[in-house]
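Protein chains in written order, with my numbering: chain Y, 4 to 172; chain W, 5 to 322.
Honestly, the hints are just simulated from the structure, not real lab data. Built from N, CA and C at the ideal position, the CB exists for glycine as well. Some hints here could point you the wrong way.
Think about it this way: if two alpha-carbon atoms lie no more than 30 Å apart in a straight line, the pair counts; the simulated BS3-like pairs of lysine-lysine are [what the hints assert, rightly or not]:
no. : chain 1 : residue 1 : chain 2 : residue 2
1   : Y       : Lys37     : W       : Lys64
2   : W       : Lys293    : Y       : Lys88
3   : W       : Lys78     : Y       : Lys102
4   : W       : Lys78     : Y       : Lys42
5   : W       : Lys293    : Y       : Lys30
6   : W       : Lys60     : Y       : Lys30
7   : Y       : Lys7      : Y       : Lys37
8   : Y       : Lys7      : W       : Lys233
9   : W       : Lys193    : Y       : Lys37
10  : W       : Lys60     : Y       : Lys70
11  : Y       : Lys37     : W       : Lys124
12  : W       : Lys60     : Y       : Lys42
13  : Y       : Lys7      : W       : Lys45
14  : Y       : Lys102    : Y       : Lys30
15  : Y       : Lys30     : W       : Lys78
16  : Y       : Lys88     : W       : Lys90
17  : W       : Lys90     : Y       : Lys102
18  : Y       : Lys37     : W       : Lys233
19  : Y       : Lys71     : Y       : Lys88
20  : Y       : Lys7      : W       : Lys60
21  : W       : Lys60     : Y       : Lys102
22  : Y       : Lys102    : W       : Lys73
23  : W       : Lys124    : W       : Lys211
24  : Y       : Lys7      : Y       : Lys102
25  : Y       : Lys7      : W       : Lys280
26  : W       : Lys60     : Y       : Lys22
27  : W       : Lys193    : Y       : Lys88
If we take Cβ atoms under 7 Å as the criterion, some of the chain Y residues that face chain W in the derived model are [claimed, not checked]:
no. : residue
28  : Met35
29  : Cys45
30  : Ala49
31  : Leu161
32  : Gly165
33  : Tyr167
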Amino acid sequence: MYRKPTRDESTLINRALDKWGAFEFFKGRLLMMKENASKIVCLMPAELEVITRMQPYLAGLVIGELKKQFVPSMAGADIFARSSKRNKFYIIVNENAEKLVLYGRDIIGESIVEASDTLGENELVIVLNSRLEAIGIGRTRFAGRSLLQKGRVTVTTLSDAGYYLREEG
Amino acid sequence: LTLIFSESVESVDLAARYGYDRWLVGRFLEYVPGVEDFLEKMERPPTQYIRVNTLKTSRKELETRLSSKGFELKRTSIPEVLAVEKAPIATGATNEYLFGHYYIQDLSSCMAVDALDISKDQAVLDVAAAPGGKTTFIAQKMENTGSIIALEPNERRARAMSFNLARCGVYNACILRRDGMHAEKLQMKFDRVLLDAPCSCEGVIAKDATRKTNHTPQDVDYCAARQDKLIQAAAMMVKSGGILVYSTCSFAPEENEIVVDRLLQKLGNVAVEPLKYGSSGLTRFGDMKFDNQLMNTRRLYPHVHDTTGFFIAKLRVS
């Protein structure tokens, strides 16, 4: 079942879209909750009739999940990365790390090419490759410059674009 | 019922040489031009095609990126589709594939979508939709606007389809776990309806050689009966002035021209429109003669058009 987000959920979602710099993209599109799963889907208004009258297996694109906070899905991260102005919640990794992230591996400090000094510990970040494409979603283990320290995992990979291939099979 | 022709020296010889059941080769001799070339072509791996996902990238950008990895690509009659002439790694194992920049899809399958003449903001029904190749192509032609309803009764296939939609960044589609035979329960009409009907898959022998011998006339009968019901259900879902595209990956006239011919006879408001790809459909088979409009349907032969074997009919419902 799909439903409109409650006021509280809308507030959390709007804050998240603002955080990722993707607020503008979702104008003219609908955001709905997939009940029982706390998943947020983006869809076109024309799909509303189907959603309200029938119970689709899937409607639109899951852009994230509301847990204690909004956690983007890979499809959501991809939209955010392509439609928003990059801010401190995006980190860039080198080509070697890109391959490892796509296998679900965590990120070591020296493979981070760009990360904001103002990033805190335990922050959700979208991991980009050198072409600024979303390749994963991570959580920082350190703050600021410590993210770049050598020889240590500084960002935990929560999900990655490789899962499409792994899960599809 | 599926027509079986008397064995000839040629059919017996070709069947023995290429490892097919005789009845099948006997039929090919009736409706496939240059049968020996066709059978020879079926012995080689088919050309692989990829379709650029313009929701995420451009053809030029994808060509540049894959070329830098050693891929050799060739443009085709459909601007979004590229033939893979050389692939240093599996086409489904590149980062660009993971990012949804392309979909591995045969040219013939893309021609069926092209025949829909889709534009933005339309309502589209994709009747037997999984794994989602055509749905994602429809979505990109609509630039993620309007709405697509994709029917797929099987949960495993619907799940696989959901991954493909997510990978390709499609958000204007809904998957309903319904059988296309009961499409009327949707109580909606659509600008465009695509029915890529489940079929006996005669056209994909190059990908699955077991079909040379494990394919029976009863399979063709079974598929044809189902296709008959599906096309009628699909035709009822089209708005006046809208388009229904019917396709299969089979050569069997029972699954193609005969199905369309019966629909034309049954409904007086359907016309077959011409298509720019492939060879003309049959207007005769055995002692049967079909509506002349069937000439406008299209057959795609692997050895002539370098695609999988395919049939496409573009039907305008008035």
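Verification of the supplied hints:
For the given pair, Lys37(Y) sits about 37 Å from Lys64(W) by alpha-carbon distance, which is inconsistent with the 30 Å threshold. The suggested pairing of Lys293(W) with Lys88(Y) is violated, with an alpha-carbon distance near 63 Å, which exceeds 30 Å. Taken as a hint, the Lys78(W) and Lys102(Y) pair is honoured in the structure, with Cα atoms around 28 Å apart against an allowance of 30 Å. In summary, the hint linking Lys78(W) to Lys42(Y) is not supported, as the alpha carbons are separated by about 41 Å, beyond the 30 Å threshold.
For the given pair, Lys293(W) sits about 55 Å from Lys30(Y) by alpha-carbon distance, which is inconsistent with the 30 Å threshold. Distance restraint check for Lys60(W) and Lys30(Y): the Cα-Cα separation of roughly 19 Å lies within the 30 Å cut-off, and the hinted pair is therefore satisfied. Distance hint between Lys7(Y) and Lys37(Y) is fulfilled; the C-alpha atoms sit about 9 Å from each other, no more than 30 Å. For the given pair, Lys7(Y) sits about 37 Å from Lys233(W) by alpha-carbon distance, which is inconsistent with the 30 Å threshold.
Pair hint Lys193(W) plus Lys37(Y) holds up; C-alpha atoms about 26 Å apart against a cutoff of 30 Å. Restraint check for Lys60(W) and Lys70(Y): satisfied, since their Cα atoms lie roughly 28 Å apart, inside the 30 Å limit. Under the criterion of a C-alpha separation no larger than 30 Å, the hint pairing Lys37(Y) with Lys124(W) is consistent with the structure, at around 26 Å. With a C-alpha separation of about 23 Å, the suggested pair Lys60(W) and Lys42(Y) falls inside the 30 Å cut-off, and the hint holds.
The straight-line distance between the Cα atoms of Lys7(Y) and Lys45(W) is roughly 54 Å, outside the 30 Å bound, and the hint therefore fails. Straight-line distance between C-alpha atoms of Lys102(Y) and Lys30(Y) comes to about 34 Å, which puts the hinted pair past the 30 Å bound. Distance restraint check for Lys30(Y) and Lys78(W): the Cα-Cα separation of roughly 38 Å exceeds the 30 Å cut-off, and the hinted pair is therefore not satisfied. Taken as a hint, the Lys88(Y) and Lys90(W) pair is broken in the structure, with Cα atoms around 37 Å apart against an allowance of 30 Å.
For the hint pairing Lys90(W) with Lys102(Y), the CA-to-CA distance comes to about 23 Å; that is within 30 Å, so the pair holds. At roughly 34 Å between alpha-carbon atoms, Lys37(Y) and Lys233(W) are farther apart than 30 Å, so this suggested pair is violated. Restraint check: the Cα-Cα separation between Lys71(Y) and Lys88(Y) comes to about 25 Å, which is no more than 30 Å; the hinted pair holds. Between Lys7(Y) and Lys60(W) the alpha-carbon distance is near 28 Å, which keeps this suggested pair within the 30 Å criterion.
Between Lys60(W) and Lys102(Y) the CA atoms are separated by roughly 20 Å; this keeps the pair inside 30 Å, and the hint holds. A C-alpha spacing of about 15 Å is found between Lys102(Y) and Lys73(W), which places the hinted pair at or below 30 Å, so the restraint holds. About 35 Å separates the Cα atoms of Lys124(W) and Lys211(W), which puts this hinted pair outside 30 Å; it is violated. Restraint check: the Cα-Cα separation between Lys7(Y) and Lys102(Y) comes to about 38 Å, which exceeds 30 Å; the hinted pair is violated.
Our distance criterion of 30 Å between C-alpha atoms is broken by Lys7(Y) and Lys280(W), whose separation comes to about 45 Å. Of the supplied pair hints, the one linking Lys60(W) and Lys22(Y) holds, its CA atoms being roughly 23 Å apart against a limit of 30 Å. The hinted pair formed by Lys193(W) and Lys88(Y) fails the criterion: a straight-line CA distance of about 40 Å is larger than 30 Å. Given the 7 Å rule on beta carbons, the hint for Met35(Y) is violated: about 11 Å separates it from the nearest Cβ of chain W.
Against a cut-off of 7 Å between C-beta atoms, the interface hint on Cys45(Y) holds, since the closest Cβ of chain W lies about 5 Å away. With 7 Å as the threshold, the beta carbon of Ala49(Y) comes within range of chain W, its nearest partner Cβ sitting at about 4 Å, so the hint holds. With its C-beta approaching chain W no nearer than about 16 Å, Leu161(Y) sits outside the 7 Å limit, and its interface hint is violated. Look at Gly165(Y): its Cβ gets to within about 6 Å of chain W, closer than 7 Å, so that hint holds up.
Hint on Tyr167(Y) holds. Least Cβ distance to chain W is approximately 5 Å, under the 7 Å limit.
Consistency note: the structure conflicts with the earlier hints numbered 1, 2, 4, 5, 8, 13, 14, 15, 16, 18, 23, 24, 25, 27, 28, 31.
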